[in-house]
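K.L.:
Sequence:
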Amino acid sequence: MNLSTLDIIIILLYLLVIIGLGFWISKKASKNIQSYFLGDNNIKWYWLGFSNSSGMFDVSGTAFYVALLFIYGFKAAWLPWLWPIWNQIFVMVFLAIWIRRSNAMTGADWIIKRFGDDRGGRLAHMIVVIFAIVSVIGFIGYVFVGIGKFASNILPWDLSNALLTSPQTYALIIVTLTTLYTVKGGMYSVVATEVLQYGILVVSCILVVVFAVKGVDYDSLHQRLPQGWASFWPEWKLNVNWDNFAQASQKVEEDGFIWFGALVLMMIGKGIFASLAGPVPGFDMQRILSAKKPWEAAKLSGFTNLVLYIPLFMMVSALTLIAFNNFMPTLQGQAKPDFEVILSQVVSNYLPAGIRGIVLAGLLASFMSAFSAFVNAAPAYLVNDFYKKYFRPHESPRHYVKCSYLTSIAIIAIGCFFGLFADSLSSLTLWISSALYGGYAAANVLKWIWWRFNGYGYFAGMLAGLLSATFVPKLMAWLSTNYFTEYKDLFGSGIGTLISFFIILVLSMSASVIGCLLTPIPDKKVLETFYANTRPWGFWKPVLNWVQQVNPAFEPNRQFKWDMLNVLVGICWQMSMVIMPVFFVFGYFSYGFTAVGIWVACIIILKFTWYDRLKITAV
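In terms of numbering that gives the first Met the number 0, the sequence shown has 325 at position 326, counting the first letter as 1, and numbering is strictly consecutive.
Simulated from the structure, these hints should not be mistaken for laboratory data.
No experiment lies behind these values; they were computed from the predicted model shown.
Even for Gly, the Cβ is constructed at its ideal location relative to N, Cα and C.
Some clues are possibly wrong.
Said to hold, decoys possible - Pair by pair, the computed Cβ-Cβ distance ranges are:
1. Leu474 x Leu220: 40 to 50 Å
2. Ala552 x Lys236: 55 to 65 Å
3. Leu305 x Lys236: 32 to 42 Å
Claimed, not checked - With a straight-line cut-off of 27 Å between C-alpha atoms, the simulated BS3-like cross-links for lysine-lysine are:
4. Lys112 x Lys291
5. Lys523 x Lys388
6. Lys292 x Lys213
7. Lys560 x Lys614
8. Lys112 x Lys540
9. Lys112 x Lys388
10. Lys387 x Lys401
11. Lys614 x Lys292
12. Lys291 x Lys606
13. Lys112 x Lys523
14. Lys524 x Lys388
15. Lys292 x Lys524
16. Lys524 x Lys112
17. Lys523 x Lys540
18. Lys112 x Lys614
19. Lys387 x Lys291
20. Lys401 x Lys388
21. Lys473 x Lys236
22. Lys560 x Lys606
23. Lys388 x Lys291
24. Lys292 x Lys560
25. Lys401 x Lys291
26. Lys473 x Lys335
27. Lys292 x Lys112
28. Lys291 x Lys43
29. Lys335 x Lys236
30. Lys560 x Lys43
31. Lys524 x Lys387
32. Lys540 x Lys560
33. Lys540 x Lys614
34. Lys614 x Lys291
35. Lys292 x Lys43
36. Lys606 x Lys292
37. Lys112 x Lys43
38. Lys388 x Lys292
39. Lys112 x Lys387
40. Lys614 x Lys43
Let the sequences and hints guide you as you build the complete structure.
P.N.:
Given below as C-alpha cells:
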C-alpha cells in the first residue's frame with residue numbers, strides 16, 4: 000500500500016509526541032522503585048482507569064475480535080468470555096478493594112502478606128514470580144504477533160530478510176520504539192502516554208464508524224448476511240450458514256466452536272473460577288496497587304469497563320461492516336484466507352487518506368499501550384520480589400531503577416523470541432486464556448476463601464498448574480487427532496481448550512489441597528493480620544474468632560449477597576456495552592435501543608447497590 004503524505008505525517012507526528020512525552024515524564028519515575036512501578040500511589044483513579052482501558056485495547060485483540068465478528072456474527076459477543084472479559088466485574092465489585100488494602104507493591108509482594116515470610120510463604124512467593132514472568136512473556140509474544148501481521152499488511156515496504164519475515168521485522172522495529180519510553184519512564188510514562196493514546200483511539204473509532212455507515216443500504220446488507228449471522232442468543236449448535244463461503248465454514252470447524260451452547264456453558268464455568276481467582280500478576284494488578292485508596296481501586300476498575308468496551312466494539316463492528324461491503328469478494332477468492340488480517344487489509348485498502356493516518360496512529364497507540372503496560376509489570380516481580388528480596392536488599396533506590404531498565408529489556412527480548420515461533424493470534428489467545436489461566440485459577444481462588452490454605456498448598460497448586468498448562472493441551476490435541484477423530488467438530492480447539500482448562504483446574508486444585516493438608520497450618524499472626532486488613536468473605540471462622548479475641552468490635556465481611564448481585568448486574572451491564580455498538584453499526588436499531596435500555600437500567604442499579612456503598616464497604 001502507498002501511504003499518502005498526510006498519513007505519513009500523522010503517524011510520524013504521533014510517534015514523536017508519544018516518545019517525547021514518555022521521556023519528559025520519565026524524570027518523575029527515576030527516584031525509586033515505588034515511583035517507577037506504582038507512581039508513588041499518587042495518580043488519580045480516573046487516569047489509571049483510562050490507562051487500564053488503553054492497555055486492554057490492543058491491536059492484536061482488535062484484529063482477533065474483527066475476525067470473530069466476521070465469522071460468527073452477533074454470537075461473537077459471547078466469545079470474549081474465553082478470557083473471560085467479565086473478570087473485570089469481579090475486580091470492580093470486590094477484588095480491587097481486597098487487593099489494594101494490602102499496600103503491596105506487586106502481586107508477589109501481596110502473597111507474602113497472605114502466607115507470611117516462612118518457607119511456605121517464600122515458595123508461594125517464588126512460584127508467583129515465575130508465573131508472572133511466564134504470563135508476561137506469553138502476552139508480549141501475543142502482541143508481537145499481532146503488530147507484525149498488522150504492520151506488514153498496512154505499510155508498503157517488504158522488510159523480509161534471511162533471518163526474519165517482513166511481519167517479524169516490522170514487529171521488532173515497533174517494539175524497539177515503544178521500549179524507548181516504557182523502560183525509561185516506568186508507571187508515570189506508561190499512564191501519561193496511555194491517556195493520550197486512549198484519546199487518539201476514541202477519535203479513530205468515531206472516524207471509522209462515520210465512514211463505515213455513510214451511505215450504507217441496510218436492507219441490502221441484511222439480505223447478504225449469512226443466515227443466522229444476526230442471531231444474538233446462543234443455541235446448542237452455532238447455526239451460522241456459510242454454505243456460500245466454504246473457507247469460513249472450515250474456519251468454524253478449526254476453531255471448534257460448532258457446539259456453541261456447550262462452549263458457552265463451559266465458558267461460564269471457567270469464568271467463575273478464573274474471575275474469582277483475581278487478576279493475574281500483571282498490569283491490571285499494578286493499576287489496582289497504584290491507586291491511592293481501596294475505594295479508588297474499585298472505581299478505577301469500574302471506569303475501565305465504562306470507557307473500554309463501547310469504543311473498542313465501535314471500531315470492531317465498523318471495520319467488519321467495511322469488510323462485508325468491500326473485502327468479501329477478495330476473501331472468497333483465496334484458497335486459505337487469513338481472517339486475522341481483515342483489520343489491516345480494510346484499513347490499508349478501504350479507508351481514505353487522513354482518516355487512514357489517524358486510524359493507523361490509533362492502532363499503533365493500542366499496541367504501544369498494551370505493550371508498555373505488560374513491560375512495566377514484569378520487572379517489578381524480578382527486581383522487587385526476587386533480586387531485592389533475596390540477593391541485594393540494601394542497595395540505593397537508583398540501583399533498583401537501573402536494574403529495572405535491564406530487566407525490562409531482557410523480558411522484551413525473550414517475549415519477542417517467543418512471538419517468532421507462535422502460529423497465530425488464535426493459538427496464543429486460547430493457550431493464554433485456557434491453559435495458562437487454568438493453572439492459575441485453583442490456588443488463587445483458595446487463597447481468598449479458605450483460612451487453612453497455606454503457602455505450601457499454593458506452591459503445589461501453582462506448580463501443578465504450570466506443568467499441566469504445558470502438557471495437557473498437547474495431550475488433548477493428540478487424543479483428538481488419534482482417538483476421537485469422529486468427534487473432531489466437538490473437541491476442536493475451542494471446546495478442547497476449555498476441556499483442557501478444567502483438567503488443569505482439577506489437577507491444580509488437587510495438588511493445592513494435598514499440599515496444604517500435608518503441611519502445617521499457616522502462622523496465626525499472619526492470618527490475623529491478613530484477615531483484619533483485607534476482610535474477605537469465605538471460610539474464615541477460626542481466624543475471625545482469633546481477631547475478635549483481640550478486637551471484640553471487629554465485624555466480618557457480610558457483603559457476599561450484595562457482591563454476587565452486583566456481579567450479575569455488572570455482567571449484564573458489560574455485555575450490553577459489548578453488543579450495543581455492534582447492533583447500531585449493522586443497522587439493527589431496535590436491538591440497539593434494547594441494549595441501551597439494559598445498559599441504563601444496570602447503571603441505575605449499580606449506582607445504588609455498588610457505587611453509593613463504596614465508601615462504607617471499601618474503607
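K.L.:
All hints, please: hold or fail.
P.N.:
Against the structure, the hints:
With their beta carbons about 44 Å apart, Leu474 and Leu220 fall inside the hinted range of 40 to 50 Å. For Ala552 and Lys236, the Cβ-Cβ distance of about 58 Å falls inside the hinted range of 55 to 65 Å, so the restraint holds. Restraint check, Leu305 to Lys236: a C-beta distance of roughly 35 Å satisfies the suggested window 32 to 42 Å. Proposed proximity of Lys112 and Lys291 is supported: the alpha carbons are some 19 Å apart, at most 27 Å.
Under the criterion of a C-alpha separation no larger than 27 Å, the hint pairing Lys523 with Lys388 is consistent with the structure, at around 23 Å. A threshold of 27 Å between alpha carbons decides the hint, and for Lys292 with Lys213 the separation of about 45 Å lies outside it, so the pair is violated. For a cut-off of 27 Å, the pair hint linking Lys560 to Lys614 stands: about 18 Å separates their Cα positions. The suggested pairing of Lys112 with Lys540 holds, with an alpha-carbon distance near 19 Å, which does not exceed 27 Å.
Between Lys112 and Lys388, the direct Cα distance comes to roughly 14 Å. Compliance with the 27 Å bound is thereby established for this hinted pair. Between Lys387 and Lys401 the CA atoms are separated by roughly 12 Å; this keeps the pair inside 27 Å, and the hint holds. Restraint check for Lys614 and Lys292: the C-alpha separation of about 10 Å stays at or below 27 Å, so the hint holds. In summary, the hint linking Lys291 to Lys606 is supported, as the alpha carbons are separated by about 22 Å, within the 27 Å threshold.
At most 27 Å may separate the alpha-carbon atoms for a hinted pair to count; Lys112 and Lys523 meet this at roughly 13 Å. Distance check on the hinted pair: Lys524 and Lys388 sit about 21 Å apart at the alpha-carbon level, within 27 Å; holds. In summary, the hint linking Lys292 to Lys524 is supported, as the alpha carbons are separated by about 25 Å, within the 27 Å threshold. Between the alpha carbons of Lys524 and Lys112 the distance comes to roughly 11 Å, so the proposed pair stays at or under 27 Å and holds.
Distance restraint check for Lys523 and Lys540: the Cα-Cα separation of roughly 13 Å lies within the 27 Å cut-off, and the hinted pair is therefore satisfied. With a C-alpha separation of about 24 Å, the suggested pairing of Lys112 with Lys614 holds against the 27 Å cut-off. Only pairs whose Cα atoms come within 27 Å are accepted, and Lys387 paired with Lys291 is accepted, the gap being roughly 24 Å. In summary, the hint linking Lys401 to Lys388 is supported, as the alpha carbons are separated by about 16 Å, within the 27 Å threshold.
For a cut-off of 27 Å, the pair hint linking Lys473 to Lys236 stands: about 26 Å separates their Cα positions. A C-alpha spacing of about 16 Å is found between Lys560 and Lys606, which places the hinted pair at or below 27 Å, so the restraint holds. In summary, the hint linking Lys388 to Lys291 is supported, as the alpha carbons are separated by about 24 Å, within the 27 Å threshold. Between Lys292 and Lys560 the alpha-carbon distance is near 24 Å, which keeps this suggested pair within the 27 Å criterion.
For the suggested pair Lys401 and Lys291, the alpha carbons sit about 26 Å apart, so the restraint of at most 27 Å is met. Annotation: proposed proximity of Lys473 to Lys335 holds, straight-line Cα distance about 25 Å (limit 27 Å). Of the pairs offered as hints, the one joining Lys292 and Lys112 holds, with about 18 Å between alpha carbons and a cut-off of 27 Å not exceeded. With a C-alpha separation of about 8 Å, the suggested pair Lys291 and Lys43 falls inside the 27 Å cut-off, and the hint holds.
Straight-line distance between C-alpha atoms of Lys335 and Lys236 comes to about 24 Å, which keeps the hinted pair within the 27 Å bound. Simply put, Lys560 and Lys43 have alpha-carbon atoms about 30 Å apart, too far for the 27 Å limit, and the pair is violated. Restraint check: the Cα-Cα separation between Lys524 and Lys387 comes to about 25 Å, which is no more than 27 Å; the hinted pair holds. Restraint check for Lys540 and Lys560: the C-alpha separation of about 18 Å stays at or below 27 Å, so the hint holds.
At roughly 25 Å between alpha-carbon atoms, Lys540 and Lys614 fall within 27 Å of each other, so this suggested pair holds. At most 27 Å may separate the alpha-carbon atoms for a hinted pair to count; Lys614 and Lys291 meet this at roughly 13 Å. Taking the CA atoms of Lys292 and Lys43, the gap is near 10 Å; set against the 27 Å cutoff, the hint holds. In summary, the hint linking Lys606 to Lys292 is supported, as the alpha carbons are separated by about 19 Å, within the 27 Å threshold.
For the suggested pair Lys112 and Lys43, the alpha carbons sit about 25 Å apart, so the restraint of at most 27 Å is met. For the proposed pair Lys388 and Lys292, the alpha carbon gap of about 26 Å is at most 27 Å, so the pair holds. Under the criterion of a C-alpha separation no larger than 27 Å, the hint pairing Lys112 with Lys387 is consistent with the structure, at around 17 Å. The suggested pairing of Lys614 with Lys43 holds, with an alpha-carbon distance near 17 Å, which does not exceed 27 Å.
Violated hints, in rising order: 6 and 30; the structure is consistent with all others.
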